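Per full-length UniProt numbering, the very first residue in the sequence shown carries number 1; after that it's consecutive.
Don't take each hint at face value.
Unchecked claim - Simulated crosslink set (SDA-like; lysine to any residue; CA at most 25 Å straight-line):
hint, residue 1, residue 2
1, 57, 37
2, 57, 22
3, 57, 30
4, 57, 26
5, 57, 47
6, 57, 28
7, 57, 27
8, 57, 36
9, 57, 43
10, 57, 45
11, 57, 41
12, 57, 29
13, 57, 44
14, 57, 20
15, 57, 19
16, 57, 24
17, 57, 71
18, 57, 18
19, 57, 67
Read the hints as simulated data drawn from the structure, not as lab findings.
None of the values given here were measured: they were computed from a predicted structure.
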Amino acid sequence: MADCNGGKRTVGSWTRERVEALGMVCDVETAAQILGIGRTVAYRLAREGDFPTPIRKIGGQYRVLVRGLLDFLDGAELEPVEAVRAQ
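Input sequences plus hints: build the corresponding full structure.
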């Protein structure tokens with residue numbers, strides 16, 4: 001998924017620096033682009049609690065933890081994270 005391009009890790013057009021610049025969280029669509037998966041699949045994974053990185057539902061919207069994205073891209077072992085379902 002990730003490769004080296006001039007010494008910088010990239011995923012598609014996303015460099016590590018660009019992902020870090022997102023801040024603490026990003027939306028599901030941005031995370032999907034970074035991970036190379038489609039929007040529909042990303043939202044399905046979020047709803048089912050199977051998104052590959054930590055995700056939270058805040059104010060009715062899913063937010064992906066950028067640190068989790070970076071860990072995933074670095075190959076870290078992540079514990080499965082359940083999505084918080086609307087009540």
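To see whether the hints hold, each was checked on the structure:
no., hint, in the structure
1, 57 x 37, "holds, 19 Å"
2, 57 x 22, "holds, 18 Å"
3, 57 x 30, "holds, 15 Å"
4, 57 x 26, "holds, 12 Å"
5, 57 x 47, "holds, 10 Å"
6, 57 x 28, "holds, 10 Å"
7, 57 x 27, "holds, 10 Å"
8, 57 x 36, "holds, 21 Å"
9, 57 x 43, "holds, 12 Å"
10, 57 x 45, "holds, 13 Å"
11, 57 x 41, "holds, 17 Å"
12, 57 x 29, "holds, 14 Å"
13, 57 x 44, "holds, 13 Å"
14, 57 x 20, "holds, 21 Å"
15, 57 x 19, "holds, 20 Å"
16, 57 x 24, "holds, 14 Å"
17, 57 x 71, "holds, 20 Å"
18, 57 x 18, "holds, 23 Å"
19, 57 x 67, "holds, 16 Å"
In this structure, every one of the numbered hints holds.
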